[in-house]
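Participant: So you can see what is in the structure, the chains are spelled out below.
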Amino acid sequence: MTEPLLCDLSVPGRIGMRYPEPDVPLAELPVLLRQDLPLPELSEVDVVRHFTHLSKLNYNIDQGMYPLGSCTMKYNPKINEDTARLPGFALSHPLQPIETIQGNLLLMYELQKWLGEIGGFAGMTLQPAAGAQGELTGVLIIRAYFKSRGETKRTKILIPDSAHGTNPATSAMSGMQVVELKSDERGNVNLEALKSHCDETLAGLMLTNPNTLGLFDENVIEVCRLVHEAGGLVYGDGANMNALLGIVRPGDLGIDVMHYNLHKTFSTPHGGGGPGSGPVGVAAHLVDFLPYPVVDIIEEGDEDMPPLYGFVQPKQSIGRVKSFHGQFGMMVRAYTYIRMLGPEGLRRVAEHAVLNANYLMHLLKDYYHLAYDRPCMHEFVVEGQWDDAPEIHALDISKRMMDYNLHPPTNYFPLIVHEALMIEPTETESKQTLDKFVEVMREIAREAHETPEVLKSAPHITPVGRLDEVKAAKELVLCCGVESIAD
Amino acid sequence: MNIPADLKFTTNDEWVRVEGTTGTIGISDFAQDQLSDIVFVEIVVAEGETHAKGDSCATLESVKAAADVYLPVGGKVLAVNDALPDKPELVNSDPYGEAWMVKIEITDPSELGGLLDAAGYQKHVEEKE
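Chain order of the listed sequences is V and S. Position in the first sequence (first residue = 1) + 21 = the numbering used here. Position in the second sequence (first residue = 1) + 14 = the numbering used here.
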């Protein structure tokens, strides 16, 4: 390790601050249940330096470009952090009487409305804690819908082979039967394969559009029509909504249910800075099945009094999917982002995200083989391999990028592309940054052919070099420095 | 690319070695190469169970991806390779030998008719590459 653990830095008896002798009588504490815990003993400066060192080992969007495809690692504006720390938001508690948190409820109410308007949905839940839980919520809503209609034979969910792994996982968790659909040669859903599965057991299809290849599915209208005609519903995986903001409304295309990722599209922190948030939108025929509770006006206002906001239960609700009301702090940040940009600004987000990705793709296509050579949306996939540089793999390219102070793209996904490198610049990178990225990627392509050993042994300048991924996967060390507890 | 002439293959890269009514099953050299370093093997069928062609019989995980192994032919499970989960790297080093996964008493030999022979599989792999 390049930084020792707090346990290893611990010195017996060292503490951060000393308290004066108490001037009130001492109360005896009961014997602590876990006196055996080997808690580290450190001074304040030890702790500050430890975490500062760790933060320097980390790579983050505030430090440089983070072209991690499918994750939309856009810059998170600092004003989001300001608003999330306003005491009225930050110090409120979900069990407070609703009369005392009307501001919070108004924010949730408006965010529900806006997300509904952006996606073309009649109803919204803000509860799910992240995208995958949004998917689970959506599939449970689909299941409840068919149950309410007595159509219990509808248990089959179709999932294109380019989908995120969470799609089949959430469907299986919901008790559905998963059937994979092959993509056609343009990367769209294969309509013939779809037709062969359209029968009375069809519950629905999960569609990511644009898909994980960064391609807008040219058949989307027909896909929705075929599924609906067979009596099924269409689930939209909204992971890639950044490409569509203000331009296409999934609800208008025929999508019945869709989750957003606030931590992708709406600039709330993603990854270690999370938590995530995965609101779900539904068409009118599914509004009654939304999780309890949703925020609504429970007493109309008039000229003198604003309306009273409160929690209501949808008639055939699938129940709660998250404790309290979801990740409220993320709702404040997403709300801030939407208000800062407005409708025109949101549309420009999508336009620039798509423009940036196409710019990179155009400048790299002579150096890296494109998996699908057609205009992309907000991301694109190249193959990280060349016939004339046989020993080089996508992983070697990714590792080498770290030497140029870039975060690697997503690699080995989507699974249908050999040696995939999935690149998503997002709208927040300038032309100068994109040009520098192109320069680095071209240089790496040259190195791959002329000095492949430089790639094979990369990274060279990072705190730790090439990790042994096989060993890391096989010899798990899940506890550090706490053996004494097990004893 | 090693493709033994005495085996039959599926388009999903499983192989089966037929000896009398017994079929021994594993994944091909091409499949292990595509998956790269295998770090985890779980055999999901047990001796004595009966399974249909196409049922999942094992789950593999490599540093790149996870994959299911499907039975190329249905029947009663005669034996599973208990040693493999402890030594997943055998799938990389000896996919046609020590890394066999399941032995099956083949119920319906006509199911073998739909499988590829070595030449057919060779062609299939070339198309995929």
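These are calculated hints, taken from the structure and not from any lab test. Nothing here was measured: the structure is a model prediction, and the numbers come from that model. Take the hints with a grain of salt, since some may be wrong.
What the hints assert, rightly or not - Below are the SDA-like pairs computed for lysine to any residue, each with C-alpha atoms no more than 25 Å apart in a straight line:
#1 V:77 x V:487
#2 V:386 x S:141
#3 S:142 x V:77
#4 V:203 x S:92
Stated by the list, open to error - Which chain S residues stay away from chain V? Per the calculated CB distances, all over 12 Å, these:
#5 19
#6 61
#7 77
#8 91
#9 106
#10 122
#11 123
#12 133
As the list claims (entries may be wrong) - Have a look at the derived ranges for each label pair, beta carbon to beta carbon:
#13 S:34 x V:489: 58 to 66 Å
#14 S:108 x V:222: 40 to 48 Å
#15 V:437 x S:133: 21 to 29 Å
#16 V:216 x S:82: 23 to 31 Å
#17 V:85 x S:96: 18 to 26 Å
#18 V:78 x S:36: 19 to 27 Å
#19 S:103 x V:477: 18 to 26 Å
#20 V:396 x S:82: 30 to 38 Å
Beta carbons: idealized from backbone N, C-alpha and C, even for Gly.
Participant: Give a verdict on every hint.
Facilitator: Now the hints, each set against the structure:
With a C-alpha separation of about 19 Å, the suggested pair residue 77 of chain V and residue 487 of chain V falls inside the 25 Å cut-off, and the hint holds. Simply put, residue 386 of chain V and residue 141 of chain S have alpha-carbon atoms about 23 Å apart, close enough for the 25 Å limit, and the pair holds. Restraint check: the Cα-Cα separation between residue 142 of chain S and residue 77 of chain V comes to about 43 Å, which exceeds 25 Å; the hinted pair is violated. Using a Cα cut-off of 25 Å, the hinted pair residue 203 of chain V and residue 92 of chain S is violated, with the two alpha carbons roughly 34 Å apart.
Against chain V, the non-interface label of residue 19 of chain S holds: every CB pair exceeds 12 Å, the least being about 26 Å. Every C-beta of chain V lies more than 12 Å from that of residue 61 of chain S, the closest at about 26 Å, which supports listing it as non-interface. Residue 77 of chain S, annotated as away from the interface, has a beta carbon of chain V within 12 Å; the closest lies near 4 Å. Distance check on residue 91 of chain S: its Cβ is at least 23 Å (rounded) from any Cβ of chain V, clearing the 12 Å threshold; non-interface status holds.
Not every beta carbon of chain V lies more than 12 Å from that of residue 106 of chain S, the smallest distance being close to 10 Å; the non-interface claim is violated. Listed as a non-interface residue, residue 122 of chain S keeps its Cβ farther than 12 Å from every Cβ of chain V; the least gap is roughly 24 Å. With a closest Cβ-Cβ approach of about 28 Å to chain V, residue 123 of chain S is found to remain outside the 12 Å limit, as its non-interface label requires. Under the 12 Å C-beta cut-off, the non-interface status given to residue 133 of chain S relative to chain V holds; the minimum distance is some 23 Å.
The hinted window of 58 to 66 Å between residue 34 of chain S and residue 489 of chain V is violated, with their beta carbons roughly 43 Å apart. Taking the beta carbon of each, residue 108 of chain S and residue 222 of chain V are about 42 Å apart, inside 40 to 48 Å as hinted. For the pair residue 437 of chain V and residue 133 of chain S, the beta carbons lie near 26 Å from each other, so the given range of 21 to 29 Å is met. Judged by the Cβ atoms, the range 23 to 31 Å given for residue 216 of chain V and residue 82 of chain S holds: they are separated by roughly 25 Å.
A hinted range of 18 to 26 Å for the beta carbons of residue 85 of chain V and residue 96 of chain S is inconsistent with their spacing of about 49 Å. Take residue 78 of chain V and residue 36 of chain S: their Cβ atoms lie about 55 Å apart, and the range 19 to 27 Å is violated. Range check, residue 103 of chain S to residue 477 of chain V: about 20 Å between beta-carbon atoms, so the 18 to 26 Å window is met. About 35 Å separates the C-beta atoms of residue 396 of chain V and residue 82 of chain S, a value consistent with the hinted range of 30 to 38 Å.
Figure legend: structure checked against the earlier numbered hints; hints not met, in rising order: 3, 4, 7, 9, 13, 17 and 18.
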